[in-house]
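> Chain order of the listed sequences is A and B.
1071 is the number of the first residue of the first sequence in this note's numbering; add one for each residue after it.
15 is the number of the first residue of the second sequence in this note's numbering; add one for each residue after it.
Calculated from the structure, these hints are not laboratory results.
Predicted model, so just to flag it, every value in this text is computed and none were measured.
Just so it is clear, CB atoms sit at the ideal spot from N, CA and C, and this is done for glycine as well.
Check before you lean on any hint, since a few could be wrong.
[As the list claims (entries may be wrong)] Pair ranges (Cβ atoms, derived):
1. ALA1203(A) to GLU24(B): 16 to 22 Å
2. ASP1089(A) to PHE148(B): 35 to 41 Å
3. ASP113(B) to ALA1086(A): 48 to 54 Å
4. SER33(B) to GLN1080(A): 22 to 28 Å
5. ASP1130(A) to GLY197(B): 35 to 41 Å
[As the list claims (entries may be wrong)] These stretches of chain B come out as covered by chain A in the derived footprint (C-beta under 8 Å, 3 or more residues):
6. 31-43
7. 196-203
[Claimed, not checked] Straight line, CA to CA, 20 Å or less: simulated SDA-like cross-link-like pairs of lysine to any residue:
8. LYS1189(A) to PRO83(B)
9. LYS1189(A) to GLU19(B)
10. LYS1189(A) to LEU18(B)
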Amino acid sequence: MPRAVSSGVQLPPFQALIDDHAAEVHRFLVASVGPADAEDCLQETLLSALRAYPRLLHADNLRAWLYTIAHRKATDAIRVRSRHRAGDLDGVPEDRLARAPDRSFDDALWRSVRGLPAKQREAVVHRYVFDLAFREVGKRMGISEEAARQNVSAGLRRLRVEVDR
Amino acid sequence: MTDLEQQLREAPAPQDLDSESVIATLARRAAAAGLLDVAYGALDSPLGQLTVFVTPRGLLRVAYPNEQPDAVFSEVASRVSPRIVRAASRTDPARRELDAYFAGKRRSFDLAIDWSLVRGFATDVLRATAAIPFGEVTTYGSVARTAGSPRAARAAGNALGSNPIPIVVPCHRVLHADGGLGGYSGGLDRKRYLLALEGHAAT
């Protein structure tokens, strides 16, 4: 049986990543793609991560690495879904939308978040769901603090237009 | 802060995540994709909680509770693969046989062994040790002889001391020539227990 070609870096057992980060990555995905698809996305994220894991060149920021993969899986899932349906809200009866509980990741606000351009969605979720400073948001996204701030404000501007409509 | 930001901040509470079911599903899919290099599970035994590691090749490691978990996992990660997932069901065949052994219902193991954690002369020593039958004991010198180096009793002792698969590769059946117990990675009490289980009144 061929073994994975190791990069020679001392990596923690993959199980440690699951124990340390699976719950928060799941929350990130619930906010990013909605409760219905989050667990599938989490599985896809972990499987992709497991596949690439032995080839990592360093173990410096495994959490940010996991988020990068999760974000990619979320973007894929949203794209696939929008291909099947014209819009996220299509097919959902008006009265169900109206009756949606105040604080659900399926409510109108979070559906609008899902419709944001990928980077803006990622930044908004990190900023507000995890209550992170822009510097931390940037760190998890692998971008600068300033770029994180810009993505969040661009996202908020778009959301405001949607919400006021 | 704007109302919109306030609303976003009041994000719903985290959903409960059944992490055990997430891990079980991942392990199943990873195994099907050939990505589950090492699976492990715990086993409650009369000698305390054992941790059993398996690969697609076979049984890789049995760790005693007195071993440092971090060191055990690091060694497996660096010498075999960091793709290590807790997947107890994958270790079931090994755990069942160990259970039966401790219950006195099994005298030998029908498990494939993955020798990846063993190198060089130690491989010969441990293979020779694996052939010592239940209920019999031998000496370090005799094992060294079977392994092809009659004068390497001390080296054989070292190899046995770092046996990654105790119990199944029965290094507890190797004693000093004078009848003394010698050493044991799990501690001498465990060596005594195993010998007694196999019908030896060990000193």
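> Taking the hints in turn, state whether each one holds.
Against the structure, the hints come out as follows:
1. ALA1203(A) to GLU24(B): 16 to 22 Å: Given about 19 Å between the Cβ atoms, the range holds.
2. ASP1089(A) to PHE148(B): 35 to 41 Å: The hinted range 35 to 41 Å holds for ASP1089(A) and PHE148(B), with Cβ atoms some 38 Å apart.
3. ASP113(B) to ALA1086(A): 48 to 54 Å: Since the Cβ atoms of ASP113(B) and ALA1086(A) sit about 28 Å apart, the hinted range of 48 to 54 Å is violated.
4. SER33(B) to GLN1080(A): 22 to 28 Å: holds, 25 Å
5. ASP1130(A) to GLY197(B): 35 to 41 Å: holds, 40 Å
6. 31-43: holds (count 7)
7. 196-203: Violated - the region 196-203 of chain B has 0 residues with a Cβ nearer than 8 Å to chain A, which falls short of three.
8. LYS1189(A) to PRO83(B): Roughly 39 Å between the alpha carbons, so the hint for LYS1189(A) and PRO83(B) is violated.
9. LYS1189(A) to GLU19(B): holds, 18 Å
10. LYS1189(A) to LEU18(B): holds, 19 Å
Comparing the model with each numbered hint stated earlier shows that hints 3, 7 and 8 do not hold.
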